[in-house]
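Protein chains in written order, with my numbering: chain U, -3 to 506; chain V, -3 to 506.
Don't read these hints as lab results, they were simulated from the structure.
Be a bit skeptical, because a hint or two may be false.
Identical copies look the same in the list; a pair holds intra-copy or inter-copy alike.
The calculated EDC-like cross-link candidates involving lysine to aspartate or glutamate, where the alpha carbons are at most 16 Å apart (straight line), are [said to hold, decoys possible]:
#1 K472 <-> D129
#2 K464 <-> D129
#3 K293 <-> E214
#4 K96 <-> D129
#5 K96 <-> E483
#6 K464 <-> E134
#7 K472 <-> D409
#8 K96 <-> E335
Protein chains: 2
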Amino acid sequence: MDDQPDITRRRGRKERKAARTAPDAGVVSPVSGGHYCPLSDEGVQQIHEAALTILEEIGMGGVPEELRLAAVAAGLPVGDDGRLRFPRSWIAEMLEWVPKQITLHGRRQELNVPLGAGITHYATGGMAVRMVDISTGEWRPSTLQDLYDCARLVENLPHIQVFNRTCVPSEITDLRQFDLSIAYACAAGTAKPLGIGFNLPEHVSECAEMYDMILGGEGAFAAQPFTTCNTCAVVPPLMYGEDNTVVAMEAARRGFPVKMTNAAQAGATAPAALAGTMAQTVAESLAGIAMVQLARKGAPVIWANWPFVSDLRTGAFSGGGGEIAVLNAASAQMARWYELPNCTSGGMTDSKTTDAQYGYEKGMTNLAAGLAGADVIYEATGMIGSIVGCALEAYVIDDEMIAAARQVIRGIDVTEESLSIDVIRDVCLGGPGHYLGHAQTLELMSSAYHYPALASREPPDAWVEAGKPDLRERAKERVHEILGAAEPLTDPSLEAEICAKFPVTGFHGG
Amino acid sequence: MDDQPDITRRRGRKERKAARTAPDAGVVSPVSGGHYCPLSDEGVQQIHEAALTILEEIGMGGVPEELRLAAVAAGLPVGDDGRLRFPRSWIAEMLEWVPKQITLHGRRQELNVPLGAGITHYATGGMAVRMVDISTGEWRPSTLQDLYDCARLVENLPHIQVFNRTCVPSEITDLRQFDLSIAYACAAGTAKPLGIGFNLPEHVSECAEMYDMILGGEGAFAAQPFTTCNTCAVVPPLMYGEDNTVVAMEAARRGFPVKMTNAAQAGATAPAALAGTMAQTVAESLAGIAMVQLARKGAPVIWANWPFVSDLRTGAFSGGGGEIAVLNAASAQMARWYELPNCTSGGMTDSKTTDAQYGYEKGMTNLAAGLAGADVIYEATGMIGSIVGCALEAYVIDDEMIAAARQVIRGIDVTEESLSIDVIRDVCLGGPGHYLGHAQTLELMSSAYHYPALASREPPDAWVEAGKPDLRERAKERVHEILGAAEPLTDPSLEAEICAKFPVTGFHGG
């Protein structure tokens, strides 16, 4: 039966089996941020007005011909200086066209991630070019196998709900092979919502075709677009990047939700003043969203203003400081104010190893973005060394870190019942004087608390007796357990078909 | 001249010299939290009302005779069941007596820490009984020398602004020697505001006498009380602890600001429902504050509701999870709502080493409490292994972690100028297209950004060439540098005098 070429049937059986055998990946209960507002209401308004002024008076340079034509058609002539300026009123109107709620589809419905619904999710992210080898610790060039392993791992980590391409196959130089191999490796490894990018617009439609095959029929992907198209179509300060812009416009026409990533660096490609970085990057994000709407009015597009920071001692990107944490939280707050489906970044550490620096830089940036209520926090997991690298054990560590962050975001449910006056009365007035065996305790223990599987909670002496394990050792063991047990998501015959049709190599069926 | 017995002159010279030679310890610019509100306004009100109901209907048990007499005198008779119940109206009136702003005095004015002023500070804390030996890594019993080393270290760590006793001298069994040795070791090591505790009320006045000598004359400490008296006078659920209560009442009469610590554990000594833990612990904190006001109306007292969490798998205290982070943030929010000088806890990790778990647990709990706007966050630094131990290198790591957390709390200053529209115009319209050399960048680089001294920001290859240093190695080196250069704060002759008068041994002059 497994060689049966009927794609629809094959998919149905396979996916049903996956749904039964999958661990609790993706079924964690939702949490909603927004209790942390780094900006005052007035500050939000001031940044918004400054962004509109920037778009109106300074505008965007580097306008590709395709965008220029669309802009002219919309009555937005490019100036003599080659810059595209947006009147305030046009931006306001354009924002009405943007879908306020969209779904990042998984391949199983329970893995869907709603954006614009006030629920906070964490994702992988990055385009790491190096992998920290789990066996040797070497910082070596990353491969397609690494990407596939990341995907298979994340498929089994419940608190990571979106799999954005993590690393690139540095062994592949052909751009078509590069883009389509990434597209397949991600989908082969996980059924969670994906995020990938394209070097050339023609690869967009090829990918859609491949994903139609995975879903079981032509047009299936358009109905269930289970990947975003990541584009860095804005090149700060205030320029469009030609290659990414034409990819974004094509993706918008093909029904991909476009993740309009803008990673300006405060001090280098954005002002050193944090408010100035916000003003410029909000302008840039609006300009990026406008570009997608010029390609296709009403196209799903995701606010992805990820304000980064330069270490001004060297000019290099730094992902782990306090400044980037508050900037990304402010980005989430602005997006919520615009009521746009959104994401921001967090979890970017400058450490090169899973040490205390790694922990606190990731912990603080991930928590700040989550408390601020971003729909998705990208880069949150697995990345290391200022997002130059990624590491398998890092995903496992970060999954557990995010489980804790989610408990903070979940907050405190205050109701007559949860205030527990009667429970307190029971315990204190003639009761046992403690809550350890109380029915409420037993009930909430399993439903309201997160208990880490890897993080150490044993007493010091027990930990010494156990050989003083560092969290990274426990995480590495868990990686091997998960990858050792993971089964391929796609049928061998479908995989063979895909590998024959597209330049995808190195897979079981390929 | 150094043998001159005039304490006033000696102190003046010594302290002036210290002020000149001290590094920038304690002079970091203030940051204000409060942008994170884990509870809704309605939730705050519900918890407040529940706490009042608990105080009125269930009340506090274990009332010591001294408190019973004071309560009766205030028209609050203890019930037949031995419980002290507080009418709602009396609590409201009592809260009017509590000073809303108080100062944690340092021995130099620039080290003063204002409470109730909306400024967030980080502290050490704990009563660790074990020290992670910096040379061997062994978890050994802590000593007076360890405490003194912690104090000398923190004196030189600018982002740790309050030195609460960190570990206990486990080699000392005599209670008087124990209390007074701690009192001296802390003051000998740092001029920052202190926090200590007492086993017996008679040690309170002896300590005040010792601190008068340090400040240079009788009554000087009452005018500049440079330590809080820490008491755990509340024993959850809803009991007073006799020993700590009589110490707290004596300290209040002697002019010590009383830190009314309540460390109920959700699931063990407080309800497993987080709202219930808040209701009970708010009631307990109000009952503790009431006790101090019954001892001396208008006495300075510090809200120190530190809601802890039990790992319900074992019943053991767990300091590093998401639940404790949100509980402590909620405690800060409640205290701010009551407009009480306050502190809460953070930075408690269950890790036994300075690994990634250590980093993320500390980073998230410290950030949550800081964003919620606690006046002081205790336990924030140095503690390890569910506050059973402390480690010198941990203070150094945590100082830098807190520097980053403070940048998040500092937030984004939105003004016409900081929005930087003119700077953006300069750069983008005919300018260089980047901000690296702009005057604003150069100015803000030194004033608005924090650059870590220890945390790795070099590229991966440089880090590999440097021998792949873990943050803990760099931190240990820094400990040795600081302690190697630290000079005693008190004159040898004064120290000899103190060691002769009080049972304090093991110091230079002792």
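Next on the checklist: Regarding K96 and E335, is the shortest C-alpha distance of 16 Å or less found within a copy, between copies, in both, or in neither?
Outcome noted: within (6 Å within a copy, 40 Å between copies)
Checklist entry - Which holds for K96 with E483 at a C-alpha limit of 16 Å: within a copy, between copies, both or neither? => result Intra 37 Å, inter 62 Å, cutoff 16 Å: neither.
Next on the checklist: Please sort K464 with D129 into within, between, both or neither, judging by C-alpha distance up to 16 Å.
Outcome noted: between (23 Å within a copy, 14 Å between copies)
Next on the checklist: One pair to classify: K96 and D129, alpha carbons no more than 16 Å apart. Within, between, both, or neither?
Outcome noted: neither (41 Å within a copy, 56 Å between copies)
Item to check | Within, between, both or neither: K293, E214 at alpha-carbon 16 Å | outcome: Answer is neither; intra-copy 24 Å and inter-copy 79 Å both fail.
Checklist entry - Should K472 paired with D129 be assigned to within, between, both, or neither, using CA atoms and 16 Å as the limit? => result Within one copy only: 11 Å inside a chain, 27 Å across chains, cut-off 16 Å.
Checklist entry - Between copies, within a copy, both or neither: which fits K472 and D409 at Cα up to 16 Å? => result neither (36 Å within a copy, 42 Å between copies)
Next on the checklist: With identical chains, the pair K464 and E134 could be close in the same copy or across copies; at 16 Å between alpha carbons, which is it: within, between, both, or neither?
Outcome noted: between (23 Å within a copy, 10 Å between copies)
Checked against the numbered hints above, the structure violates hints 3, 4, 5 and 7; every other hint is satisfied.
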